[in-house]
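Could you put the whole structure together from the sequences, leaning on the hints where they help?
Sequence order for the protein chains is A and B. Under this note's numbering, the first residue of the first sequence carries the number 107, and numbering increases by one thereafter. Under this note's numbering, the first residue of the second sequence carries the number 99, and numbering increases by one thereafter.
There are no misleading hints in this set.
Straight-line Cα separation of at most 35 Å, DSBU-like style, residue types lysine-lysine; simulated pairs:
no.: 1; chain 1: B; residue 1: K105; chain 2: A; residue 2: K188
no.: 2; chain 1: A; residue 1: K159; chain 2: A; residue 2: K109
no.: 3; chain 1: A; residue 1: K109; chain 2: B; residue 2: K105
no.: 4; chain 1: A; residue 1: K146; chain 2: B; residue 2: K154
no.: 5; chain 1: A; residue 1: K147; chain 2: B; residue 2: K154
no.: 6; chain 1: A; residue 1: K159; chain 2: A; residue 2: K176
no.: 7; chain 1: A; residue 1: K146; chain 2: A; residue 2: K125
no.: 8; chain 1: B; residue 1: K147; chain 2: A; residue 2: K147
no.: 9; chain 1: A; residue 1: K159; chain 2: A; residue 2: K125
no.: 10; chain 1: A; residue 1: K146; chain 2: A; residue 2: K188
no.: 11; chain 1: A; residue 1: K109; chain 2: B; residue 2: K154
no.: 12; chain 1: A; residue 1: K147; chain 2: B; residue 2: K175
no.: 13; chain 1: A; residue 1: K147; chain 2: B; residue 2: K105
no.: 14; chain 1: B; residue 1: K175; chain 2: A; residue 2: K115
no.: 15; chain 1: B; residue 1: K154; chain 2: B; residue 2: K105
no.: 16; chain 1: A; residue 1: K109; chain 2: A; residue 2: K146
no.: 17; chain 1: B; residue 1: K147; chain 2: A; residue 2: K177
no.: 18; chain 1: A; residue 1: K159; chain 2: A; residue 2: K147
no.: 19; chain 1: B; residue 1: K105; chain 2: A; residue 2: K115
no.: 20; chain 1: A; residue 1: K109; chain 2: B; residue 2: K147
no.: 21; chain 1: B; residue 1: K175; chain 2: B; residue 2: K147
no.: 22; chain 1: A; residue 1: K147; chain 2: A; residue 2: K177
no.: 23; chain 1: A; residue 1: K159; chain 2: A; residue 2: K146
no.: 24; chain 1: B; residue 1: K175; chain 2: A; residue 2: K146
no.: 25; chain 1: B; residue 1: K105; chain 2: A; residue 2: K146
no.: 26; chain 1: A; residue 1: K115; chain 2: B; residue 2: K147
no.: 27; chain 1: B; residue 1: K147; chain 2: A; residue 2: K146
According to the in silico footprint, chain B covers these stretches of chain A (three or more CB under 8 Å from chain B):
no.: 28; region: 153-166
no.: 29; region: 211-220
The set of hints was computed from the structure by calculation and includes no laboratory data. By construction, the Cβ of each residue, glycine as well, lies at the ideal position given by its N, Cα and C atoms.
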Amino acid sequence: DPKIIQKPKYLVAVTGSEKILICEQYLGHNAMYWYRQSAKKPLEFMFSYSYQKLMDNQTASSRFQPQSSKKNHLDLQITALKPDDSATYFCASSQDGNNNQAPLFGEGTRLSVL
Amino acid sequence: GDSVTQKQGQVTLSEDDFLFINCTYSTTTYPTLLWYVQYLGQGPQLLLKVTTANNKGISRGFEATYDKGTTSFHLQKASVQESDSAVYFCALVNNMGYKLTFGTGTSLLVDP
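Below, the structure is given as structure tokens:
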């Protein structure tokens, strides 16, 4: 059974709309992350949360907002969607947000913006 | 800032061939280095991890050695199988211990 659940697996949106990508982990981890994988770039770090607090934000645009309602949840809200936002978004988690731990990744949400 | 370079975009081999995937890195610290494997339609999975303490990682027949002198972390496997076909990513963990910087990935195709 997958330990990091991302919903939906596929998502199609129109330019200018808003979407929320869901992520839940059942590993008992305290740190969660979002990464983006697009066709033209390597996997890119976006956010890091530790104990439900934002630790690092490497996303230039405020259109991307993580939301942590529970310790094992880290959703990603994207507003005013653009075609360039089309990518696969991966949620990941690790025991803590330090100590060089290798995060485990979910299976991703593939977003297409038309 | 940190960077990871994988020059090979695609590698095609036959079963039982030797695999070598090149990875070099640049950072101001002594990072933890990782290899992830991504199968079609799935998220990246950790293949192996190496720190400055242990220098070499081995997992599922794959091995990688941390070479500080050449700042390299090449991945090798003596005999590949068709099931090894996937994309392989080299990555390093930043000095804060949480952020991964990935290479562009090397797509491995193993013909039966």
